[in-house]
Amino acid sequence: MNSDNDEFSRRIAATLDRSAEHLDGDTRQQLQLARQQALAGSRFKQYYRPALAIAAGVMALMVAPWLTWQQLHQNTPTVTMVDDGGYLNEDPELLSDWDMLDAIGESPDA
Amino acid sequence: MTATMSSAIVPLNLDAFLASVERRAYRMALLATREPADALDIVQDAMLKLVQRYQGRTHQEWPLLFQRILQNRILDWHRSQTRNRRWLVFWQPVQNDDESVEDPLEQIPDEREHNPAELLAQADDMGIVLKSVEALPIRQQQAFLLRAWEGLDIAATAAVMECSEGAVKTHYFRALHRLRAALQPEVP
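Chains Z and V are the protein sequences, given in the same order. Letter by letter, the first sequence follows residues 1 to 110 of the working numbering. Letter by letter, the second sequence follows residues 111 to 298 of the working numbering.
Keep in mind the hints are simulated off the structure, nothing from the lab. Beta carbons: idealized from backbone N, C-alpha and C, even for Gly. Be careful, since some hints might not be right.
[Unchecked claim] In silico SDA-like pairs for lysine to any residue, Cα to Cα no more than 25 Å straight-line: (1) V:Lys279 with Z:Trp66; (2) V:Lys159 with Z:Asn5; (3) V:Lys279 with Z:Gln37; (4) V:Lys159 with Z:Ser3; (5) V:Lys159 with V:Ala129.
[Said to hold, decoys possible] One-sided excerpt, in silico: chain V residues whose CB lies under 7 Å from chain Z: (6) Leu122; (7) Asn123; (8) Asp125; (9) Asp148; (10) Ala258.
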């Protein structure tokens with residue numbers, strides 16, 4: 001029985017060999033292309049290209065508003081809330097004018 | 111992997127090696143999936159993995175490594191098909207593909223008259239052979255193709271299939287039994 005099984009298996013293997021040799025031209029071409037791509041690693045790039053594109057898009061969505069905010073704040077003039085006594089630099093005699101001080105609600109002793 | 115394959119000479123460069131195995135690999139994947147596009151994907155994946163991970167290995171190791179990658183990829187495909195079927199038809203019981211469960215029909219002795227010459231003649235018919243091998247459960251198909259077609263010994267087959275040598279013998283024997291039954295011409 002073992003020799004029968006061996007002969008049977010051998011005949012099937014020979015038939016399978018013929019089936020592998022009888023692939024159509026289109027399939028053989030596709031296999032050749034697949035082999036070349038595998039050797040070049042380009043399928044690796046194909047796999048990761050969509051993920052890289054998505055990551056780049058997300059980064060752009062995060063960076064663009066920040067850049068816009070930076071530009072807006074560069075053009076806005078800064079307003080100083082501290083009174084540095086600029087009007088006294090322009091007119092040092094202002095504190096001698098009691099009528100003027102009374103008009104603006106200031107006291108010479110302030 | 112130290113188990114042995116048949117004594118075919120292995121090309122020294124990866125391009126030549128892959129060219130020497132691509133058609134048989136495609137035929138194996140096609141027998142397992144019955145889908146040409148999926149079979150091509152599987153072969154390309156296997157080639158890519160071999161190039162990416164194992165091109166530094168000696169050329170004698172490439173055949174077994176490639177077969178292991180290819181067969182694992184085929185099994186992955188089958189598992190994903192099973193998961194998809196469960197998702198679509200969740201209320202139906204999943205068909206058990208595990209051949210560790212004995213098929214009671216295999217225990218019934220075949221009482222037809224066996225004509226070895228006719229059986230071998232059927233084994234030469236490409237259409238019938240491909241159909242019969244396609245119909246084998248996946249593990250039996252793998253064991254048969256690796257042992258009978260690739261010429262791997264039992265130890266190498268077990269290493270590729272990642273199972274015990276006993277399991278390989280069981281799968282192979284059952285595959286032979288089914289193929290003989292499938293190819294046996296009908297007795298009028």
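Right, here's what the structure says about each hint:
1. V:Lys279 with Z:Trp66: This hinted pair is violated, its Cα atoms lying about 66 Å apart.
2. V:Lys159 with Z:Asn5: violated, 35 Å
3. V:Lys279 with Z:Gln37: Since the Cα atoms of Lys279 of chain V and Gln37 of chain Z sit roughly 37 Å apart, the hinted pair is violated (cutoff 25 Å).
4. V:Lys159 with Z:Ser3: violated, 38 Å
5. V:Lys159 with V:Ala129: holds, 15 Å
6. Leu122: violated, 15 Å
7. Asn123: violated, 10 Å
8. Asp125: holds, 6 Å
9. Asp148: violated, 13 Å
10. Ala258: This hint holds: Ala258 of chain V lies near chain Z, its Cβ roughly 4 Å from the closest one there, short of 7 Å.
Checked against the numbered hints given earlier, this structure breaks hints 1, 2, 3, 4, 6, 7 and 9; the rest are met.
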